[in-house]
Amino acid sequence: MTDVLFLSREQLAALVADLVAADTIVIGPARAGGPAIPGLEDRQQGVAKGAFGTLEYREVRSADELELGPGMPRLSLKQFFLPQNEKLFSWQQKGIAVEVQAVPTAFAPRVILGGKPCDVAALGIVDKVMNWDYQDELWNARRAATTIFALSCGVEDQHCFCTSVGVAPDSTKSADGLFTAVDGGFLVETTTDLGREFVDKHRARFAEPPGGAVEAGTAFRAAALAKVRENFSFNTERVHDWVENHFEDPFWATLGVRCNGCGACTMVCPTCHCFDIVDEEEGVGCGSRRRCWDTCQASKFTAHASGHNPRGDQIARYRQRVNHKFAIYPTKFGEVLCTGCGRCVRTCQMGQNIGEILVAIDEYAQKDTQ
Amino acid sequence: MKELRDLARQLLTDGTVEVVVGWQSSARGARPIFVDKPEEADLLIFDTRCVHNLATYLNPRRKQVTDLGKLALVVKGCDAKAVAGLLREAQLTRDRVVLIGVRCGGVVEEFDAPVPPEISAETIMPRCYGCDNREPHLVDHLLGDALPEPPAPLLSIEKRIEALEAATPEQRWEYWTAQFAKCVRCYACRQVCPLCVCERCVADKSQPQWIETASHTRGNLSWNVTRALHLAGRCVGCGECERFCPAGIPLTLLNRKLQQVVEERYEYRVSDDPEVAAPIGEFRLDDQQEFIK
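Chains as they are written, first to last, in our numbering: chain D, 159 to 528; chain H, 6 to 298.
Watch out, some of these pointers could steer you wrong.
Said to hold, decoys possible - Taking CB as the label site, the calculated pair distances span:
1. H:P119 with D:S391: 18 to 26 Å
2. D:G253 with H:W178: 36 to 44 Å
3. D:K458 with H:W178: 26 to 34 Å
4. H:D292 with D:A463: 39 to 47 Å
5. D:G227 with H:A32: 22 to 30 Å
6. H:E154 with D:T527: 55 to 63 Å
7. D:R189 with H:R99: 46 to 54 Å
8. H:D278 with D:C444: 49 to 57 Å
Said to hold, decoys possible - Straight-line Cα separation of at most 25 Å, DMTMM-like style, residue types lysine to aspartate or glutamate; simulated pairs:
9. H:K42 with D:E521
10. H:K210 with D:D437
11. H:K42 with D:D407
12. H:K187 with D:E440
13. H:K210 with D:E438
14. H:K68 with D:D471
15. D:K385 with D:D520
16. D:K385 with H:E115
To be verified - Looking from chain D toward chain H, a few residues come up when the C-beta cut is under 7 Å (computed):
17. P193
18. Q242
19. C420
20. M425
21. V426
22. C432
23. V436
24. G445
25. R448
26. Q472
27. I473
28. T505
Just so you know, the hints here were simulated from the structure itself, not pulled from any lab data. Note that beta-carbon positions come from the ideal geometry of N, C-alpha and C, so glycine has one too.
Make a model of the complete structure from these sequences and hints.
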């Protein structure tokens with residue numbers, strides 16, 4: 159373990175003010191908001207779901223906006239690295255010539271304070287595909303510009319399963335450091351040079367932990383770990399092998415039939431990274447090429463120009479989602495494409511439950527080997 | 006519940022249908038289930054958590070469901086309106102489905118509960134307040150006892166529309182652009198809609214591109230406004246689009262407002278009678294057309 163420092167709530171406010179004054183973009187979980195109209199309470203879907211849906215990751219201008227406690231933002235952190243829509247270049251027709259304008263590939267420094275460990279871990283997993291046969295310049299530049307402090311999680315609800323997929327409520331995977339909430343502030347550890355440089359630069363804001371704080375932090379983390387392990391668990395290796403060897407299996411039909419192909423699960427997923435590239439005209443003779451999030455759950459995703467669609471129905475498309483996450487990606491990159499955040503479960507309004515599905519697959523796998 | 010299970014078992018045993026689509030209780034509360042074996046009929050439930058509009062499974066776009074053969078579908082009154090919509094627009098033939106109607110006293114907002122919550126002002130799904138079809142007509146079987154009328158929610162959809170209308174156009178513009186800014190263009194609203202029946206949606210066309218794919222203000226406005234207008238006079242108000250929206254956009258406000266406009270302009274209220282033509286599907290000489298100068 160690295161040296162543990164303490165950042166009081168007051169000093170956090172001062173730290174955020176310092177960062178904002180220095181033109182560093184500060185991103186963290188904050189209450190979802192927008193222009194209000196008197197008498198029109200913005201009834202977010204899932205009001206009854208407690209904290210889920212009422213928070214979002216966004217840029218904040220002061221620490222007052224940050225919600226560094228329980229609650230899972232509706233969308234993950236991926237939007238800050240792979241924006242929902244991103245301009246790749248613009249074009250302008252000039253006579254018979256076409257002028258192409260590049261987009262900036264340098265980004266202002268950013269700090270994420272309080273990313274969920276599962277959301278932060280996802281970035282390192284997606285790094286692999288973004289640097290496989292092609293180095294994604296925009297993804298990498300945004301990653302390089304961002305220092306990330308995760309926040310030890312107290313475990314959201316019964317749909318969390320990070321420990322089954324190699325993450326933990328206090329994981330520092332892909333993080334430069336970790337905050338753990340204790341009385342009056344946060345314990346802060348750093349895990350990378352980037353994290354250490356950040357703390358060194360703002361050293362005046364940090365102090366030695368008060369008496370008992372380290373013990374309280376350790377207890378909080380141990381309790382969270384025990385809590386998430388109580389939910390359910392499965393073995394990713396067994397799941398991988400079963401999925402890889404059961405491309406044709408009646409099990410898939412029992413899942414896909416319920417699915418509407420809405421793709422909301424892929425949108426809220428911290429690791430789903432598929433995109434579509436479109437050319438959009440923005441006037442006569444000018445426009446932009448953009449990449450936008452896409453989803454394997456849409457029939458258009460695999461529709462061929464010939465009219466043929468290799469994934470012709472939702473059963474094939476749902477199988478693809480499980481397959482990509484738990485067989486294809488680990489085979490190719492050595493890690494499952496899932497961090498156990500449970501968002502797809504909370505989001506699916508037809509009650510599809512990836513946890514239940516993976517537990518079932520694990521049971522089938524164990525029966526197969528008996 | 007017993008009569009529902011008995012009926013489902015009988016329909017499956019005597020081969021009337023291949024599958025009964027209804028609800029089951031799961032670790033995620035109530036959710037849709039496809040029962041194809043008589044011995045599994047006992048998994049079926051109907052309670053206040055059964056919010057889902059199962060009529061969406063009759064949409065011809067659901068190939069995985071149309072492949073199953075003849076279905077029996079459990080419908081609440083609101084769901085029956087959507088079935089009527091599909092029949093009205095020739096997207097479904099009546100002989101493809103056996104409709105099992107259930108009398109409804111309203112559902113709750115949150116289906117993900119281990120036991121069915123009591124209906125109250127706090128728990129009620131706002132769209133259930135003032136429902137005019139708690140006993141579906143378009144059914145082959147009607148089950149359950151008549152239930153009391155659901156209470157008013159803490160804040161009704163109408164009250165929210167009034168609040169919106171009391172605001173200035175600038176405030177409304179600011180409100181909706183901020184709401185649509187949240188849109189990630191997953192098209193979940195379209196996918197789940199029982200009446201979004203187009204084989205190829207206008208949003209999926211790229212040559213020409215009518216609606217931009219990118220989630221900037223322009224693209225998001227054109228998508229959300231187009232969706233709402235394509236459903237005007239067709240939307241049954243089941244609220245599934247809003248429930249499915251991963252971004253939490255209050256789509257019900259748009260849909261309900263358009264329902265009000267259609268009612269006012271065309272004296273049309275969506276029902277579960279497929280014989281009554283929707284304004285968009287019929288021309289009448291007495292249609293108001295004072296906008297033609």
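Going down the list of hints, with the structure as the test:
One distance hint, 18 to 26 Å for the beta-carbon pair H:P119 and D:S391, holds here, with the actual separation near 21 Å. Separation of D:G253 from H:W178 is about 39 Å and conforms to the stated range, judged on CB atoms against 36 to 44 Å. Between D:K458 and H:W178, the C-beta spacing of about 31 Å keeps the proposed range 26 to 34 Å intact. For the hinted restraint 39 to 47 Å between H:D292 and D:A463, the CB-CB distance of approximately 42 Å keeps it satisfied.
Range check, D:G227 to H:A32: Cβ separation about 26 Å, and the 22 to 30 Å hint holds. For the pair H:E154 and D:T527, the beta carbons lie near 56 Å from each other, so the given range of 55 to 63 Å is met. Hint check: D:R189 to H:R99, Cβ distance near 49 Å, so the stated range 46 to 54 Å holds. For H:D278 and D:C444, the Cβ-Cβ distance of about 51 Å falls inside the hinted range of 49 to 57 Å, so the restraint holds.
Between H:K42 and D:E521, the direct Cα distance comes to roughly 23 Å. Compliance with the 25 Å bound is thereby established for this hinted pair. With a C-alpha separation of about 12 Å, the suggested pairing of H:K210 with D:D437 holds against the 25 Å cut-off. The straight-line distance between the Cα atoms of H:K42 and D:D407 is roughly 19 Å, inside the 25 Å bound, and the hint therefore holds. As the CA atoms of H:K187 and D:E440 are separated by approximately 22 Å, the hinted pair is consistent with the 25 Å bound.
Between H:K210 and D:E438 the CA atoms are separated by roughly 12 Å; this keeps the pair inside 25 Å, and the hint holds. Pair hint H:K68 plus D:D471 holds up; C-alpha atoms about 6 Å apart against a cutoff of 25 Å. About 21 Å separates the Cα atoms of D:K385 and D:D520, which keeps this hinted pair within 25 Å; it holds. About 24 Å separates the Cα atoms of D:K385 and H:E115, which keeps this hinted pair within 25 Å; it holds.
Using the Cβ-Cβ criterion of 7 Å, the hint placing D:P193 at the interface with chain H is satisfied: the shortest such distance is roughly 5 Å. A least Cβ separation of about 5 Å between D:Q242 and chain H falls short of the 7 Å threshold, and the interface hint therefore holds. Annotation: interface hint on D:C420 holds; nearest CB of chain H at approximately 3 Å, less than 7 Å. A least Cβ separation of about 4 Å between D:M425 and chain H falls short of the 7 Å threshold, and the interface hint therefore holds.
Interface restraint check: D:V426 against chain H, minimum CB-CB distance 5 Å, threshold 7 Å, status holds. The beta carbon of D:C432 is not positioned within 7 Å of any beta carbon in chain H (closest approach about 12 Å), and the interface hint is therefore violated. Look at D:V436: its Cβ gets to within about 5 Å of chain H, closer than 7 Å, so that hint holds up. For D:G445, the shortest C-beta to C-beta distance to chain H is roughly 10 Å, which exceeds 7 Å, and the interface hint is violated.
For D:R448, the suggested interface contact is upheld, since its CB lies about 5 Å from the closest CB of chain H, less than 7 Å. Restraint check, D:Q472 versus chain H: the minimum CB separation of about 5 Å is within 7 Å; hint holds. Checking D:I473 against chain H by beta carbon gives a least distance of about 5 Å; that is within 7 Å, so the hint holds. With a least beta-carbon distance of about 5 Å to chain H, the hint placing D:T505 at the interface is held under the 7 Å criterion.
This entry does not satisfy hints 22, 24, going by the numbered hints stated previously.
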